[in-house]
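J.: Modelling step: build the complete structure from the supplied sequences, incorporating the hints.
One line per chain: the protein sequences are W and U, in this order.
Each residue of the first sequence is one higher than the one before, counting from 1 in this note's numbering.
Each residue of the second sequence is one higher than the one before, counting from 1 in this note's numbering.
Just so you know, the hints here were simulated from the structure itself, not pulled from any lab data.
Fair warning: there could be bad hints in the mix.
Said to hold, decoys possible - The calculated lysine to aspartate or glutamate pairs, modelled on DMTMM-like cross-linking and capped at a C-alpha distance of 25 Å, are:
#1 K89/W - D67/W
#2 K63/W - E7/U
#3 K43/U - D107/U
#4 K63/W - D16/W
#5 K91/U - D107/U
#6 K114/U - E102/U
#7 K131/W - E142/W
#8 K114/U - E7/U
#9 K43/U - D103/U
#10 K89/W - D112/U
#11 K91/U - D115/U
#12 K89/W - D103/U
#13 K70/U - E7/U
#14 K91/U - E111/U
#15 K43/U - D33/U
#16 K70/U - D67/W
#17 K63/W - D33/U
#18 K91/U - D33/U
#19 K43/U - D16/W
#20 K114/U - D103/U
#21 K70/U - D16/W
#22 K91/U - D103/U
#23 K89/W - E7/U
#24 K91/U - D112/U
#25 K91/U - E102/U
#26 K89/W - D107/U
#27 K43/U - E102/U
Said to hold, decoys possible - Here are a few chain W residues that face chain U, going by a calculated C-beta distance under 7 Å:
#28 L10
#29 F14
#30 S88
#31 Q92
Backbone N, C-alpha and C fix where the C-beta goes; we use that ideal spot for every residue, glycine too.
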Amino acid sequence: MINYLSAYPLIGVFVDVTTVMIAVAIIINLVNVARGFIIANRIIALDALGNQVMALMILYAFKHGTDHYMSGVLVICILSFVSLIVWSKYLQRGNIVYPLSKTAAKKVSLSQLNAHSSQAAEEAEEIQEEKDAAALETAEAEAVAEEEVSHE
Amino acid sequence: MNNVWFELIICVFLLIGGVFCVAGSIGLMRFPDIYCRMHALTKPVTLGAFCLIVAYTLFLYYAGLGLSMKGVLAVVFLFLTVPVGSHMITKSAYHNGVPLWEDSVIDQLAEDLKDVPADEHEIVNINS
Chain W
1 MINYLSAYPL
11 IGVFVDVTTV
21 MIAVAIIINL
31 VNVARGFIIA
41 NRIIALDALG
51 NQVMALMILY
61 AFKHGTDHYM
71 SGVLVICILS
81 FVSLIVWSKY
91 LQRGNIVYPL
101 SKTAAKKVSL
111 SQLNAHSSQA
121 AEEAEEIQEE
131 KDAAALETAE
141 AEAVAEEEVS
151 HE
Chain U
1 MNNVWFELII
11 CVFLLIGGVF
21 CVAGSIGLMR
31 FPDIYCRMHA
41 LTKPVTLGAF
51 CLIVAYTLFL
61 YYAGLGLSMK
71 GVLAVVFLFL
81 TVPVGSHMIT
91 KSAYHNGVPL
101 WEDSVIDQLA
111 EDLKDVPADE
121 HEIVNINS
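T.: In structure tokens, the structure reads:
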């Protein structure tokens, strides 16, 4: 394995210094991940942790002189972004897949009722007809009673 | 080629990248509110990674290993995804009811949410 930094000692010294600095930054970030008073503090700190790990991978690429470490950088960036979006959805709603609004939820429930329970709707109509007939009979009885009272 | 000035430029970019990463982490500890912490954490760390990628590209050119375009791709992804993700997290924290810092001057999101009818941005909780 060739160490490309052996030919450039000045750059080698500064790469070591930067590695130590980013390591300190990662330790401070981990302290905040543990300490975070709100959940959102921890989520943002984890995303920044991914960014700092990406910085470390770039420093590692200095030594080996190849382009392959940039692929890992891209993968970590995309994964942290997708996880941030899923976390925000979970924080807001308590679930990841949900209806868009209350009206949409109501529409779904009504359509399901109409599709799957037509028999129940027919029975409900019959019951309502019976109730209406009973109400009419009671109303007629009351009217007859009032006429008798008025006659008397 | 043994150009000292080129090496010094690469070293300056390396140092700037490292300092920005540390500054972002310290800002996460010291700022009073999550809305301030989001600013303090995402911007310097992204800039630090950008400076490191610039230093890496310059180093590859200086060592005679050819120009690389993967760094540019990583920078484009960083600049597109980090602001979107961090703003979504703070918006969800706002809807969860996290209070602003006491000395905050203005709450712009509350003024924008007045125009939206209540049914649209009402929180729907399936578990309730």
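J.: L10/W was flagged as interface toward chain U. Is the shortest Cβ-Cβ separation under 7 Å?
T.: holds (5 Å)
J.: K91/U and E111/U: Cα distance at most 25 Å?
T.: Since the Cα atoms of K91/U and E111/U sit roughly 14 Å apart, the hinted pair holds (cutoff 25 Å).
J.: Would the pair K63/W and E7/U pass a check requiring their Cα atoms to be no farther apart than 25 Å?
T.: holds (15 Å)
J.: Next pair to validate is K70/U with E7/U; report whether the Cα-Cα distance is within 25 Å.
T.: holds (22 Å)
J.: Are K89/W and D112/U close enough, with their CA atoms no more than 25 Å apart?
T.: holds (21 Å)
J.: Please verify whether K43/U and E102/U have alpha carbons no more than 25 Å apart.
T.: holds (24 Å)
J.: K91/U and D115/U: Cα distance at most 25 Å?
T.: Since the Cα atoms of K91/U and D115/U sit roughly 17 Å apart, the hinted pair holds (cutoff 25 Å).
J.: Does S88/W hold up as a contact with chain U if the rule is Cβ-Cβ below 7 Å?
T.: Because about 4 Å separates S88/W from the closest Cβ in chain U, which is inside the 7 Å limit, the hint holds.
J.: Mind checking the alpha carbons of K63/W and D33/U for me, to see if they're no more than 25 Å apart?
T.: With Cα atoms ~40 Å apart, K63/W and D33/U exceed 25 Å; violated.
J.: Is K114/U within 25 Å of E102/U, Cα to Cα?
T.: holds (22 Å)
J.: Would you mind confirming whether the straight-line C-alpha gap from K89/W to D107/U stays at or under 25 Å?
T.: Status holds; Cα separation ~22 Å.
J.: With the threshold set at 25 Å, check whether the alpha-carbon distance from K89/W to E7/U stays at or below it.
T.: Between K89/W and E7/U the Cα gap is close to 46 Å, so the pair fails against 25 Å, i.e. violated.
Hint compliance for this structure: hints 1, 8, 12, 17 and 23 are broken, all remaining hints hold.
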